[in-house]
Amino acid sequence: MSAAAPTTFKVKFETTRGDFVVDVHRDWAPHGADRFHELVAAGYYDDQRFFRVIDKFVVQFGIHGDPQVAATWRSRRIADDPVQKSNIRGTLTFATSGPNSRTTQVFINFDDNPRLDAAGFAPFGQVSSGMQVIEQLYSGYGDGAPRGMGPDQGRIQSEGNAYLDREFPKLDRIRRASLID
Numbered sequence: 018m019s020a021a022a023p024t025t026f027k028v029k030f031e032t033t034r035g036d037f038v039v040d041v042h043r044d045w046a047p048h049g050a051d052r053f054h055e056l057v058a059a060g061y062y063d064d065q066r067f068f069r070v071i072d073k074f075v076v077q078f079g080i081h082g083d084p085q086v087a088a089t090w091r092s093r094r095i096a097d098d099p100v101q102k103s104n105i106r107g108t109l110t111f112a113t114s115g116p117n118s119r120t121t122q123v124f125i126n127f128d129d130n131p132r133l134d135a136a137g138f139a140p141f142g143q144v145s146s147g148m149q150v151i152e153q154l155y156s157g158y159g160d161g162a163p164r165g166m167g168p169d170q171g172r173i174q175s176e177g178n179a180y181l182d183r184e185f186p187k188l189d190r191i192r193r194a195s196l197i198d
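The numbering of the sequence shown is our numbering, which starts it at 18 and goes up by one.
Just so you know, these hints were derived from the structure itself, not from any lab. Ideal placement from N, C-alpha and C gives every residue a C-beta, glycine not left out. Mixed in with the good hints there might be a few duds.
[Stated by the list, open to error] Cβ-Cβ distance ranges computed for the label pairs, FRET-style:
(1) Ser175 x Asp40: 19 to 25 Å
(2) Ile197 x Arg164: 32 to 38 Å
(3) Pro186 x Asp72: 18 to 24 Å
(4) Ala135 x Arg183: 37 to 43 Å
(5) Thr24 x Arg132: 26 to 32 Å
[Claimed, not checked] Derived DSSO-like pairs (lysine-lysine); straight-line CA-CA distance at most 27 Å:
(6) Lys29 x Lys73
(7) Lys29 x Lys102
(8) Lys73 x Lys102
(9) Lys29 x Lys187
(10) Lys73 x Lys187
(11) Lys27 x Lys73
(12) Lys27 x Lys102
Hey, can you work out the whole structure from these sequences and the hints?
Here's what the structure looks like:
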């Protein structure tokens, strides 16, 4: 389990479309905030792709571009947090595939998605500046395989950025994610 994060903290994302900032609130989802702080402090999100961009729904990222690093984190699950805040526009939330399955993947809500609240998706942060940058991320590939023409998450896990750069060259990327004062 990661160490407790500060009560609140900010993360700056430098991307191929510009910068945005997320304000994280540990009281919204302590396990999620702690893991996110740990990942950002370790440089985990640097050089990652926004691999799932669905207009009017979400933008998702969080699979490391190096398959060995991705494999190390894939089994490091964190416990669920109760949903304290709704999945409204601009909130940052961990993706999940079932109870207590959160690892490294997160998404930002493009619109209000309150239906995600009942499914246990607990926001832990809110975009405080740069939402217009997020709205400009390349969305032409749509949802991931097999529902859409976007990247297959299994292949991202096993082949990393080489797969994404070769087959999905228009994806925008995070150049760097860093904790800011």
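Broken hints, by number: 1
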